[in-house]
Amino acid sequence: MIGCNPYLVVPLLLLVALLQSTALPGLTILGVSPELMLLTVLAWSLLRGVEEGLLWAFLGGLALDLFSGGPLGASTLALLAASVSTGLTQGAVTRSSFLLPMGAALAGTLLYQIIFLLVIQFTRGHVPWTDSLLRVTLPSLAVNTLAMPVVFRALAWLDRKTGREQIGWGR
Amino acid sequence: MGGFSNRNLLLIFLVLATLIGILLNEAGYLEPIEGAILRLLSPLQARLATIVETSGGLFRAARDLRDLRQRNEELEADYAQLLIENVALKEAAQENATLRQFFQFAQQHPGFQLVGGEVKGRVIGRDPNNFLRYLTIDAGEAQGVQKGMPVIVPRGLVGRVQSVGPNWAQVLLITDPRSSISALTQTSRVTGQVQGHVSGDLVMKYISQEESVSEGQIVLSSGLGGNFPKGLVIGQIIAVQQRDSDLFQQAVVRPTVDFDRLEMVLVISAFKPVDLAEESEKADQETQGP
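If you're matching them up, the sequences are chains A and B in order. According to this note's numbering, the first sequence is numbered sequentially starting from 1. According to this note's numbering, the second sequence is numbered sequentially starting from 1.
For reference, chain A alone in the conformation it holds in the complex (with noise of 0.2 Å):
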């Protein structure tokens, strides 16, 4: 149902949220910090679907917003929201190419991220909207992207290992 034994999915997407909040801080490129979680689900969607990127999202994105400071959930619909437009390319996805993949990170920060500061304007009130853009979503569009091929490799591995013909929902 989550693409492979949800024990080790779950203590994965943990061991993931707890690298973002701890040691990933401490690498900053252009100002920012590589978003793990974002890059993991992004790259389980595009080998595995939506339907189980969405379970990832979901569970990821919870497991972001225990150890983060803003709203519980915003993570979670943001994550939601990029692993529905990467997982619908899943067909066109060829583990030798990167292209796709880099595409794939590059749209989908833009989506998580403008979905997650729409929650925090919701909840919170305050967004600076043009230094948000400008100081953090323009290098993370760069980051993330040059990143992802990193991320691609090591989940193409996973799913390798973990058979994607014993997986199913509910057909």
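Treat the hints as calculated values from the structure; they're not laboratory data. Please note that a few of the clues may not be correct.
[Said to hold, decoys possible] Label-pair distances were calculated between CB atoms; the ranges are: (1) B:Glu210 / A:Leu99: 56 to 64 Å; (2) B:Ser188 / A:Ala154: 54 to 62 Å; (3) A:Thr28 / B:Leu24: 44 to 52 Å; (4) A:Leu99 / B:Leu247: 50 to 58 Å; (5) A:Ala154 / B:Leu9: 53 to 61 Å; (6) A:Leu8 / B:Ala88: 48 to 56 Å; (7) B:Glu210 / A:Thr28: 38 to 46 Å; (8) B:Arg66 / A:Leu118: 40 to 48 Å; (9) A:Thr28 / B:Glu141: 28 to 36 Å; (10) B:Arg243 / A:Leu27: 54 to 62 Å; (11) A:Trp157 / B:Gln242: 40 to 48 Å.
[Claimed, not checked] Computed list of chain A residues with no C-beta within reach of chain B, every gap over 12 Å: (12) Ser21; (13) Leu64; (14) Ser97; (15) Leu100; (16) Ala107; (17) Arg135; (18) Ala156.
[Unchecked claim] Here are some chain A residues pointing at chain B (derived, C-beta under 7 Å): (19) Gly73; (20) Thr123; (21) Ala154.
All C-beta atoms, glycine included, are put in the ideal place defined by N, C-alpha and C.
With chain A fixed as given, assemble chain B onto it according to the hints.
Showing chain B alone in chain A's frame:
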């Protein structure tokens, strides 16, 4: 077709669940669940933070020239010490002058008698989102930490406790765009509102056009509004933006705290923040009567 239908159902279910979650969380119903989960996870987060700290040091050593770094650290420490001493001296002089004007100052303003009420907290995590600036520390209700308490390091103000659990607390940094502090400059006593900026710097807003502010001035918390004690160092003015057409002038403030390298913080537990909205509500109720 069936797959498409299932996908839509899943999407609708998950989005609805998330939206309900957001609403319940904003209403405060999910805090106990969130607190319970984080209580279990925070030791894991602390362990990972230790590993990251250790391995991060190794990576830096490989990347930097050791001697230069050591020298830089020495200079930074010297600079920090001098800055603290300088600020303390200037504050003492300012306090002395004020004491001459106000006879019973000592009784009315206990000043810096806050040190006794501090709690140490280790930084075990940062906000995973690039838009938000929060820290997670390993001190919580068990250590006497409460929501709203100011968080400092010897170099200056870090932020204030936004949410608190049994053994953890989340601290909203002063550099977060949603943070706002009443402030004043140390020498000219010009007041304004210091707000966080996405760039990581601070902006001191609402400075009257008649006031004179200049680069290099130290900015302190003014204590107005009741959220922070008076006299905590916030930063130093690095640029003044003044246009005759504007109602106010503003200044860019560089924080004295290096937020990227924070490892330990102090929580001032002797300070009780005042919730002005709550106080105003109480006053309104009292005025209206039964």
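Evaluation of the provided hints:
Judged by the Cβ atoms, the range 56 to 64 Å given for Glu210 of chain B and Leu99 of chain A holds: they are separated by roughly 59 Å. For the pair Ser188 of chain B and Ala154 of chain A, the beta carbons lie near 56 Å from each other, so the given range of 54 to 62 Å is met. Separation of Thr28 of chain A from Leu24 of chain B is about 33 Å and departs from the stated range, judged on CB atoms against 44 to 52 Å. Our hint of 50 to 58 Å for Leu99 of chain A and Leu247 of chain B holds, since their Cβ atoms are close to 51 Å apart.
Take Ala154 of chain A and Leu9 of chain B: their Cβ atoms lie about 30 Å apart, and the range 53 to 61 Å is violated. In this structure the supplied range 48 to 56 Å holds for Leu8 of chain A paired with Ala88 of chain B, their Cβ-Cβ distance being about 55 Å. Glu210 of chain B and Thr28 of chain A have their C-beta atoms about 40 Å apart, which keeps the hinted 38 to 46 Å range intact. A hinted range of 40 to 48 Å for the beta carbons of Arg66 of chain B and Leu118 of chain A is consistent with their spacing of about 47 Å.
Against the hinted window of 28 to 36 Å, the Cβ-Cβ separation of Thr28 of chain A and Glu141 of chain B comes to about 32 Å, which satisfies the hint. Between Arg243 of chain B and Leu27 of chain A the CB atoms are about 39 Å apart, so this pair departs from the stated range of 54 to 62 Å. Distance hint check: the CB atoms of Trp157 of chain A and Gln242 of chain B are about 57 Å apart, inconsistent with the given range 40 to 48 Å. Ser21 of chain A, annotated as away from the interface, has a beta carbon of chain B within 12 Å; the closest lies near 4 Å.
Taking the minimum C-beta to C-beta distance to chain B, about 5 Å, the non-interface status of Leu64 of chain A is violated against the 12 Å cut. The beta carbon of Ser97 of chain A is kept farther than 12 Å from every beta carbon of chain B, the shortest such distance being approximately 25 Å. Every CB of chain B lies more than 12 Å from the CB of Leu100 of chain A, the least distance being 20 Å, so the non-interface label holds. Here Ala107 of chain A stays apart from chain B, with its beta-carbon at least about 17 Å from theirs, past the 12 Å limit.
The beta carbon of Arg135 of chain A sits about 5 Å from the closest Cβ of chain B, which is not more than 12 Å, so the claim that it is off the interface is violated. Against the 12 Å criterion, Ala156 of chain A stays outside the reach of chain B, whose nearest CB is about 22 Å from its own CB. Below 7 Å, beta-carbon pairs count as interface contacts, and Gly73 of chain A has one with chain B at about 4 Å; its hint therefore holds. Residue-level restraint check for Thr123 of chain A holds (minimum Cβ-Cβ distance to chain B is 6 Å; threshold 7 Å).
Taking 7 Å as the C-beta contact cut-off toward chain B, the hint placing Ala154 of chain A at the interface is violated, the least distance being around 19 Å.
In this structure, the earlier hints numbered 3, 5, 10, 11, 12, 13, 17 and 21 are contradicted, and the remaining ones agree with it.
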